[in-house]
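Protein chains in written order, with this note's numbering: chain A, 17 to 326; chain B, 17 to 326.
Hints in this document: simulated from the structure, not taken from any laboratory. It is possible that some hints are incorrect.
A pair holds if it fits inside one copy or across any two, identical chains being indistinguishable in the list.
Stated by the list, open to error - No more than 27 Å apart at the CA atoms, straight line, and that leaves these computed lysine-lysine pairs for DSSO-like: (1) 64 with 43; (2) 198 with 30; (3) 23 with 198; (4) 43 with 198.
Number of protein chains: 2
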Amino acid sequence: MAVRDFKEEHERLKALVEEALLGFLPKEDPKARRLFQSMRYSLEAGGKRIRPVLLLGACLAAGGREEDGLAFACALECIHTYSLIHDDLPSMDDDDLRRGKPTNHKVFGEATAILAGDGLLNGAYEGMLGDIQKSRAEQLLRKVKAAGIIARAAGAEGMVGGQMADIQAEKSLALSEEQGEKQDPLALADYIHRHKTGALIQASLVAGGVLGGGEEDFLKALSDFGEKIGLAFQIADDILDICGETQILGKPVKSDQEKDKLTYPAILGLQEAKNILEKLHDQGRQALCGYESRCGFLLWEAQALAKRTF
Amino acid sequence: MAVRDFKEEHERLKALVEEALLGFLPKEDPKARRLFQSMRYSLEAGGKRIRPVLLLGACLAAGGREEDGLAFACALECIHTYSLIHDDLPSMDDDDLRRGKPTNHKVFGEATAILAGDGLLNGAYEGMLGDIQKSRAEQLLRKVKAAGIIARAAGAEGMVGGQMADIQAEKSLALSEEQGEKQDPLALADYIHRHKTGALIQASLVAGGVLGGGEEDFLKALSDFGEKIGLAFQIADDILDICGETQILGKPVKSDQEKDKLTYPAILGLQEAKNILEKLHDQGRQALCGYESRCGFLLWEAQALAKRTF
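Just chain A, with the same shape it has in the complex (with noise of 0.2 Å):
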């Protein structure tokens, strides 16, 4: 395929996760009509949708069919939009904008934000079950073997563990300078990164290779890439957040309390950050080695990915 119909490709993934987002949470109960709205909010709010694509890019890659792999995609975008909601709380990271539009407590008050991304993420894993029951035999062991994948990374030794050391950086950074042991600000930052946004997108590509039933080697390899392209993702995202681009491409600019967060950038500067990133970028693409032909969606979208600091 050439550049421009990779573009295509992934209209074309993104359509179908929009379409299948409609019907994808439990119906509407009248007497929770609230709590509903306030997951559709969410969950509508023009998200990039980029670990669903992923997911079915790698399903494809592994000679699977999308539509094995495109309730795991919607349920990877409820898992992504609980943690932001629950992010954006007040004893969080106290956030008024996400993608442009008031915070879902904003807007709903925190109680139902709570409870939106509560019910999201067990709408996520309820999908997911749901769609396992419908498959025949062979299909249902790898959806329950790429459930589990997805369920590693969202949990506390994955996307909750990330977001936990994060909101504790600063405190635990003090703490060690106090007992003499001086923590690493980079070890600390990596960690974050590899666990509150890395392992999602990690599990986005691997579960995709299992669902659409890749060999072992080829999962390994999905493995590397996805690790790489995960951290790279959040180096990218902050260049960007420092580069000043966040309003040029319709992102709130971060609050006062999130600029002091550990990042590539505020920590190595600018141009050591891009240099890392690029390194991530090249061992992104060496990861996928010998498998370029099934592989030029991924490899576009991982460039992509980079590409927006360029």
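Take the given structure of chain A and dock chain B to it, following the hints.
Relative to the frame of chain A, chain B by itself:
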């Protein structure tokens, strides 16, 4: 079994759950230690383990083995515990005490409490999916079905929806009065109880029955039984709160805010609430009609839950 034997069986199953819970959560990561401390603080705060015991009881009654249900029993307790942590938050019920101990956010702060809840909810699915992956073909299908039943009961059309309706109840009643539609408070209380409390108790029984390989008729009986005793359980709790036995039982006195909540005894008076509780208890017994020989333990559990008020 004699009554004393049922009590012993209860203690035996509870002890099995306590032991299994210790190894159920994902492995602790030192960089997110506070998260795991917070999750364990609430999980090990001395809950009655009603839902897991009911699941194991139903699994055994259906002819299954307790080891087939143990991971799911732990998952139920994680889901129940996460819901308590989030319900206690300042923006929800704003409770300082739970089971006589400071609530999670009072000890760890709001942000960590929210993440601990997220970690427990996610951990429940991670644990179930891990258990499913280790299962043989026949058990695998049952386990996928059981996890789906639990997910439906826990989510937006179950427990989360019930909590949403609960925190909105006062506003919802006032609004309907303003609009001249006068909503029935008892109908609203009924909805809240069935969703917030009843759904997960009912799911414990049905999922247990599914895990034990119960036939359709028996699963239907368990579902009806669960519906009745789930509602009865909440009414019994609310009667106990009003009777002031909360302190005797070591439970904290409810906050002022919670005293205003919609309950059967608050709406109907103590005696009528007790009458309804007794009626529900009888209906629960009747639902298991024909299955008494294998459901002695479950009937004893139902009696034990209701008789707290006698």
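Do the hints match the structure? See the list:
{"no.": "1", "hint": "64 with 43", "result": "within (25 Å within a copy, 32 Å between copies)"}
{"no.": "2", "hint": "198 with 30", "result": "neither (45 Å within a copy, 45 Å between copies)"}
{"no.": "3", "hint": "23 with 198", "result": "neither (46 Å within a copy, 55 Å between copies)"}
{"no.": "4", "hint": "43 with 198", "result": "between (52 Å within a copy, 26 Å between copies)"}
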